[in-house]
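Trainee: Please model the entire structure based on the sequences and the hints provided.
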Amino acid sequence: DYRYTRKFRAERGKNGAGANCTGRGGEDVVLKVPVGTTIVDTDSGDIIGDLVEDGQRVMVASGGEGGLGNTHFKSSTNRAPRKCTTGTKGEFREIRLELKVLADVGLLGMPNAGKSTFIRAVSAAKPKVADYPFTTMVPNLGVVDADRHRSFVMADIPGLIEGAAEGAGLGIRFLKHLARTRILLHIIDVQPIDGSDPAHNAKAIMNELAKFSPTLAKLPIVLVLNKLDQIAEESREEWCQHILDELQWTGPVFKTSGLLEEGTKEVVYYLMDQIEQQREREVEDPEYAAEVRAFREQLEAETREQTIAAKEAYR
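Note that the numbering used here has the sequence shown beginning at 504, numbered continuously upward.
Everything labelled a hint here was simulated from the structure, so no lab data went into it.
Every value quoted in this text rests on a predicted model; they were computed, and no experiment measured them.
Fair warning: there could be bad hints in the mix.
To be verified - The calculated lysine-lysine pairs, modelled on DSS-like cross-linking and capped at a C-alpha distance of 27 Å, are:
no., residue 1, residue 2
1, Lys768, Lys721
2, Lys535, Lys510
3, Lys768, Lys706
4, Lys721, Lys706
5, Lys768, Lys758
6, Lys758, Lys706
7, Lys768, Lys714
Mentor: Written out as structure tokens, the structure is:
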């Protein structure tokens, strides 16, 4: 557990010796980390490696080289040299490990908007659900099956509040996990238990997202007007349209009840189609794939800088 063991030392290279003995290099020390880990040089802030595939390896620091044996110094004038060298120490490096979840879709919304209920409805994930804010304290991942052999990964992070970009609430600690998603699913509680205005809440979330990372805010966003079961059926359409008008929203929108699992399948099919289209285009269009890589690199750098800055400012 890297929370308790912070220093790792590989052995130095062995000394060279006589009798044609060259010192061997120091043994490797291999640190195992989860997929999704970014390795950052603490001193420079440079990214050493980004481990996004199972089995991927990155050399963080060079080990010690073995010393030269006497044979290395053999020449036409010195047939039996007595000289040898000592092994060298390995490279010293201080690193920071940052873990971001790998998901195709990230859930966004106020605390108690129904994000955890939604991910429970569409996947096998079972995050805690309760009628109070900040029930979700850590990111939850769920594999969403659209059809046989068609699936994607969804991430649920703790809800955001106004001021999250400056460090308020829990959101700042987890917004970075959205950096590797393809699509953001903005869950809006159409009838908040505290009586607040859902359109105002949605605007606050969008503002916090843009303040934290303008690049992150450029990801495709799908609105989900959730908890329709809390509104009388004859009033639902009018109330939902009022929210959309207030937001001046022209993008994709779905109306659901995560609790009753109404309308959730339509969301899943839409997301699956969008993700597959993105994947196929990246394979077929090298120029588009390069643009996507550049966008993601910019997003990674931006969210990392903002996360560090916000943490420092909120101390």
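Trainee: Determine for every hint whether it applies to the structure shown.
Mentor: Hints, one by one, checked against the model:
A C-alpha spacing of about 25 Å is found between lysine 768 and lysine 721, which places the hinted pair at or below 27 Å, so the restraint holds. At most 27 Å may separate the alpha-carbon atoms for a hinted pair to count; lysine 535 and lysine 510 meet this at roughly 14 Å. A C-alpha spacing of about 26 Å is found between lysine 768 and lysine 706, which places the hinted pair at or below 27 Å, so the restraint holds. Proximity of lysine 721 to lysine 706 is assessed by CA-CA distance (about 15 Å); at most 27 Å being required, the pair is judged to hold.
Taken as a hint, the lysine 768 and lysine 758 pair is honoured in the structure, with Cα atoms around 11 Å apart against an allowance of 27 Å. With a C-alpha separation of about 18 Å, the suggested pairing of lysine 758 with lysine 706 holds against the 27 Å cut-off. The straight-line distance between the Cα atoms of lysine 768 and lysine 714 is roughly 32 Å, outside the 27 Å bound, and the hint therefore fails.
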